[in-house]
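Enquirer: For reference, the chains in residue letters:
There are 2 protein chains.
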Amino acid sequence: MPRNALYAQSGGVTSVINASASALILAARTHSAHIDHVYAGRNGIVGALDEDLIDTNLESSEAITALAHTPGGAFGSCRHKLRSPQDNEAEYKRLIDVFKAHDIGYFFYNGGGDSMDTANKVSGYAASLGLDVKSVGVPKTIDNDLPITDCCPGFGSAAKYIAVSTSEVALDVASMCATSTKLFVLEVMGRHAGWLAAAAGLAGRGPNDAPQIILFPEVPFDKTRFLARVEQSIAENGYCVVVVSEGVRDRDGKFLSERGTRDSFGHAQLGGAGPAVAELVQEALGLKYHWAVADYMQRSARHLASATDVAQAKALGEAAVELAVQGETGVMPTIERVSDDPYEWRIGKARLEDVANVEKTMPNDFVSEDGFGISEAARTYLNPLIAGEDYPAYHQGLPRWAVLKRISVARKLASRAP
Amino acid sequence: MPRNALYAQSGGVTSVINASASALILAARTHSAHIDHVYAGRNGIVGALDEDLIDTNLESSEAITALAHTPGGAFGSCRHKLRSPQDNEAEYKRLIDVFKAHDIGYFFYNGGGDSMDTANKVSGYAASLGLDVKSVGVPKTIDNDLPITDCCPGFGSAAKYIAVSTSEVALDVASMCATSTKLFVLEVMGRHAGWLAAAAGLAGRGPNDAPQIILFPEVPFDKTRFLARVEQSIAENGYCVVVVSEGVRDRDGKFLSERGTRDSFGHAQLGGAGPAVAELVQEALGLKYHWAVADYMQRSARHLASATDVAQAKALGEAAVELAVQGETGVMPTIERVSDDPYEWRIGKARLEDVANVEKTMPNDFVSEDGFGISEAARTYLNPLIAGEDYPAYHQGLPRWAVLKRISVARKLASRAP
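Residue numbers (the working numbering), protein chains in the order written: chain A, 3 to 420; chain B, 3 to 420.
The set of hints was computed from the structure by calculation and includes no laboratory data. None of these values were measured; they are calculated from a predicted model. A few of these clues could be false.
Identical copies go unnamed one by one, so any copy, or any two together, can satisfy a pair.
Think about it this way: if two alpha-carbon atoms lie no more than 30 Å apart in a straight line, the pair counts; the simulated DSSO-like pairs of lysine-lysine are [stated by the list, open to error]:
(1) K362 to K290
(2) K95 to K256
(3) K290 to K256
(4) K351 to K414
(5) K290 to K83
(6) K102 to K290
(7) K407 to K290
(8) K414 to K256
(9) K407 to K225
(10) K407 to K102
(11) K414 to K225
(12) K407 to K256
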C-alpha cells in the first residue's frame with residue numbers, strides 16, 4: 003500500500019529551493035506504488051506541527067513544473083529549530099501524531115544544517131517508536147556550509163548573481179571614477195563563511211581587476227592594511243570596488259556592524275557592514291563613495307540562476323525520493339564532484355548524523371596571500387558552480403512565476419497545545 | 003570631404019548607454035561620405051577639453067557590436083557641467099580649439115538634461131563663430147526626466163530590474179514571514195522623481211500584492227499614515243514590502259536620510275533612505291526587518307535589460323547620426339509613443355533649447371489615491387518600457403563584455419590651462 007509523504011522547506015529560502023520541491027514532487031508522482039499524496043508543511047515544520055498541510059497532489063503538473071523557476075519557498079518556510087527529543091519530546095510526539103494521522107511514511111526536509119539535524123532526530127525518534135518513517139534530508143543553503151556534499155543548492159545561483167553584479171557595477175564605477183565615485187562597496191551575505199564573498203572574485207582575474215578588495219569573515223579586519231589597499235587601488239586604477247561579507251569582524255571578534263538583535267536561532271542579525279566600510283573609508287580618505295546591499299535579492303534572484311545550480315537542485319530533489327522509496331532513512335543525497343574541468347558531478351549520499359551540526363568552512367587556501375582576493379583553488383572550485391543560465395519565461399516584462407492553489411488537507415487532530 | 007565626429011558620454015551611466023554608442027558608431031561607419039573618424043572623449047567632455055580622444059575607428063566592428071550589451075560607459079563618462087559661454091567662455095573656446103584641431107564637424111553628446119543644455123550651448127557658440135558643427139544630443143538617463151521624449155534610454159532597464167527584483171524578494175519574504183522577517187525595504191534611485199520607485203509597482207496588481215507600499219519623492223512622508231499602512235499590510239498579508247525612493251522627504255522638505263555631501267553639480271548626495279525607513283518601523287512596531295539598497299546595481303544590470311529599452315537606445319544613437327548628416331544641429335532624437343497596447347513607438351525630434359534644463363516630473367495621476375501605489379495610468383505608461391529580454395552572451399558563467407582598445411588620438415594642441 004502506498005503511503006503519504008511530508009515535504010517541508012526550512013530556513014532562509016533560495017532561488018532554487020522550489021526547483022528541488024518541483025523535482026521531488028514530480029518524482030514522487032512516478033512512484034505511485036510507494037507514495038500516494040505528497041503533503042507540504044505550510045510554512046515548513048511549523049505547518050507540520052500545526053497539522054497545517056498542503057496537498058500538492060491537487061496542484062497541476064504545469065504548476066509543479068513552473069515551480070522549478072520560481073524563487074522563494076512555495077509552501078512557506080520557517081526558522082524553527084526542533085530541539086532534541088530529550089529536551090522537548092512534546093514536539094516530536096506531536097509530529098509523530100501528525101505522521102500517524104495522515105499515514106506519513108516519508109519525511110523530506112529541505113534545508114540547511116539545523117534542518118538536517120532535525121531530519122536525523124525525526125528518523126531516530128520514529129525508529130525508537132518502531133514506526134516506519136523514511137526521513138531524508140534535501141540540502142539547501144546559499145551559505146554553502148553543509149559538509150560532505152561538494153556544494154549546496156542555492157549557493158551557485160547566489161554566487162552567480164554576486165559575480166555578475168560585481169562585474170556590472172565595476173564597469174559603472176570605472177567609467178565614472180575620473181570625476182565621480184571612486185569607492186564602491188557591495189555587501190553580501192555570509193554570516194560565518196566567505197563563500198559568497200569569494201564568488202565576487204570571479205568577476206575579475208588580474209590583480210587590478212575589480213573587485214580589488216574582498217573582505218572575508220575568515221580574515222580579521224585590519225583597518226590600516228585595508229585603507230592602504232584602497233589607496234593603492236585608487237592610485238593604480240582610479241577606483242576601488244570592495245565586496246564585504248556581512249560577517250566580517252575585527253580582531254576582537256566584533257562584527258563591523260551589528261544590529262544587536264538576534265534571530266530565533268540565537269544568531270546575531272547582521273546588516274550594514276557595507277555602509278560601515280564605506281563610511282570608514284570616507285572618514286579616513288575623504289573619497290566619494292557609493293554602496294549597495296544585496297540582502298535578499300541575492301538569494302531570490304531567480305532571473306539570473308546558475309543552470310548548474312538549478313540542475314543540481316532538481317537532481318537532489320529527485321534523488322531524495324529515490325532513496326526513500328528504496329527504504330533509506332537518515333540520509334541526504336549529496337553532490338559529488340567528479341572533475342573540475344570539464345566539470346562533472348554525480349549524486350552521492352551522506353548519513354544525516356554526519357551532516358548535522360557540522361559547518362563546512364571555506365578552505366584557508368581559497369583566500370589569496372594578501373587576504374583580499376581569491377586563489378586559483380577557489381576559482382577552480384567556484385567556476386563551474388555559476389556556469390550556465392536558466393531563465394524563467396517572461397510575460398509582459400516580468401517572469402511568470404508558478405501559481406499554486408495550496409489547498410489544505412482536512413485536519414484530523416485537535417489543535418496542539420500552545 | 004567627410005569630417006570627424008566627437009562622441010561623449012555624460013553623467014551617470016546606464017546599462018544601455020553603450021548600446022546608443024554602438025549604434026551611433028556603426029551608423030557613422032555607413033556614412034563615410036560625411037563622417038570619417040568617430041572620436042570619443044575619454045571620460046566624456048573632460049576628455050574633449052583635455053584633447054584626450056579615443057579613435058573608435060580603430061575598434062573592430064565585433065567590439066563595437068558587443069558594446070550594445072555592455073553596461074557602464076565604455077569611453078568613460080563624467081560629471082562636469084559646462085557653464086554658459088558668458089560665465090566661462092574659456093571652456094567653450096578650448097572645446098572649439100579641439101574641434102578645429104581635429105576637424106570635428108559633428109558633436110554627439112549622450113546624456114541627461116545638463117548635457118542637452120551643454121550640447122545646445124555648443125551648437126549656439128559654434129554658430130556664433132561661423133563654424134559648421136552639427137551638435138546633436140542623444141538622450142540617456144535612468145531618471146527618465148527629460149521632456150518631450152516619451153521615455154529615456156536606461157530607464158526601462160533599471161525599471162525592469164526593480165520590478166523583477168521586487169517581485170522576487172516579495173516571494174522570499176512571503177514564504178518566511180510567519181516566523182521571520184515581516185518587513186522588507188528596498189531603496190531605489192530617483193532623486194527628484196518617483197519614476198523608478200513607480201516601476202516597482204509593476205511587480206504586483208492587487209491591493210495586497212507586493213510592494214504594498216511605495217514611498218515617492220512626490221508624496222511628503224507621513225510617518226503616522228505610513229506606519230498604519232505597514233501594520234495593515236502585516237495584518238492582512240503577514241508581511242510588508244516597502245519600496246522607497248532615495249529622494250523621499252518629509253513635509254519640511256528634509257530627506258529621510260541625507261549624507262550632507264554634495265556632488266559636483268551641487269546636488270545633495272543621498273543614500274540610506276532604505277535603512278532609515280526600516281529602522282523607523284523597527285522602533286515603532288518592533289518587527290524583524292531586512293533592507294536592500296540597489297544603488298548602482300539598478301543602473302548597470304545589463305543582464306536584465308529591457309529589450310524595448312535596448313532597441314530604443316540603439317535607434318536613438320542611429321537617429322542622431324542621421325539627423326547630423328542631414329545637416330541638423332541643436333536637436334535631439336526622441337521616442338514618440340504611437341500606441342500603448344500594442345505598444346508602438348517611432349523616432350521623433352526635439353529642439354535642444356526645448357529640452358535643456360526642463361525636468362519632466364512624474365504625472366500626479368501616476369500615484370494611486372492613497373499615495374502608496376501606482377495608478378492604472380502609470381501601468382499603461384510603464385508596462386511596455388520593461389517588455390522583452392535582451393540577454394548578453396555568457397562564457398563560463400559570466401557575461402562577455404566588449405573589450406575595447408581605446409587607442410588615443412595624437413594630440414595637436416598644448417595642454418589646457420589648469
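Enquirer: Next step is simple, just say for each hint if it's right about the structure.
Expert: Okay, the hints, checked on the actual structure:
no. : hint         : in the structure
1   : K362 to K290 : between (38 Å within a copy, 28 Å between copies)
2   : K95 to K256  : neither (40 Å within a copy, 57 Å between copies)
3   : K290 to K256 : both (27 Å within a copy, 22 Å between copies)
4   : K351 to K414 : neither (35 Å within a copy, 70 Å between copies)
5   : K290 to K83  : between (44 Å within a copy, 18 Å between copies)
6   : K102 to K290 : neither (63 Å within a copy, 35 Å between copies)
7   : K407 to K290 : between (50 Å within a copy, 28 Å between copies)
8   : K414 to K256 : neither (49 Å within a copy, 57 Å between copies)
9   : K407 to K225 : neither (53 Å within a copy, 36 Å between copies)
10  : K407 to K102 : within (25 Å within a copy, 70 Å between copies)
11  : K414 to K225 : neither (60 Å within a copy, 46 Å between copies)
12  : K407 to K256 : neither (46 Å within a copy, 45 Å between copies)
Figure legend: structure checked against the earlier numbered hints; hints not met, in rising order: 2, 4, 6, 8, 9, 11 and 12.
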